[in-house]
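Counting from 1, one number per residue, gives the positions in the sequence shown under my numbering.
Everything labelled a hint here was simulated from the structure, so no lab data went into it. Just so it is clear, CB atoms sit at the ideal spot from N, CA and C, and this is done for glycine as well. A few of these clues could be false.
The calculated label-pair distances, taken between Cβ atoms and stated as ranges, are [what the hints assert, rightly or not]:
id: 1; residue 1: Gln110; residue 2: Arg176; range: 54 to 62 Å
id: 2; residue 1: Ala169; residue 2: Ala54; range: 32 to 40 Å
id: 3; residue 1: Arg183; residue 2: Arg125; range: 42 to 50 Å
id: 4; residue 1: Ile70; residue 2: Val2; range: 20 to 28 Å
id: 5; residue 1: Ala111; residue 2: Pro6; range: 43 to 51 Å
id: 6; residue 1: Arg209; residue 2: Thr175; range: 17 to 25 Å
id: 7; residue 1: Ala54; residue 2: Asp7; range: 28 to 36 Å
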Amino acid sequence: MVLYRPDQLVSLRNLRSWALLAFGAGAVNAGALLACQRFVSHVTGTVTRIGVDAGQLLALEYFLILFCFIAGAGAAVLLARRGEAVHTPRYARPLLLVSAILVGVALLGQAGALGPFGGTVESARDFVFLGVLSFAMGMQNAAVAVSTAMAVRTTHMTGPATDIGIALALLASGTRAERSEARRSIVLRVTKLFAFISGGAAMVPLCARFGFAAFVVPAVTCALATMWTYASAPATAADGVSRA
1 MVLYRPDQLV SLRNLRSWAL LAFGAGAVNA GALLACQRFV SHVTGTVTRI
51 GVDAGQLLAL EYFLILFCFI AGAGAAVLLA RRGEAVHTPR YARPLLLVSA
101 ILVGVALLGQ AGALGPFGGT VESARDFVFL GVLSFAMGMQ NAAVAVSTAM
151 AVRTTHMTGP ATDIGIALAL LASGTRAERS EARRSIVLRV TKLFAFISGG
201 AAMVPLCARF GFAAFVVPAV TCALATMWTY ASAPATAADG VSRA
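Using the sequences and the hints given, assemble the complete structure.
This is the structure we're talking about:
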């Protein structure tokens, strides 16, 4: 099921896709925060809230958000495995579904089905909104992770930040091969980190002006990344690290 070797991950072709996907995830996370002051791809925070609110009904609602993320990850793998042939762009399926979900959120939000934009979590539809976004982020994260042998994650930054620290240490003390790998790691992780931040920053003025309709932006970035990296997957073998 793996499409990309480690030396292919930082090709210009793929690096721009990881950046777009991280940008979109940052935008979705920020959009959820601005809509109802909750994150959707920050699983650590969600699990912490379950612990803090243990014994209360609110804990079950946060558990729903966690379950949706896990369910989205599982759904991505199931969709990807439905490929008819080795070179079928299977991973395009879950990622295009992510785009469709985000467009759906934008349309439903603009139609008033998700309530007013802004404020805090106050009703069941707020948790439905968060659950749907969490499902989409779980799906995106899993599709990218499985296709890259678990090397690339695009919806959270704890791992990339840790990897940057490890790579910096290897640059200072590692062997020649380790330093080469560390440089690739830093390029990939720093790109994702800044893209995620940029996505969050972009959503502030977009949400202020367009409300729920701003979720169209991460839908578009996800679709573009899918076309570049997954809709023509057979070509990636020739798109190696020499272009990094």
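(message) Output the indices of the hints that this structure fails to meet, ascending.
(response) 6 and 7
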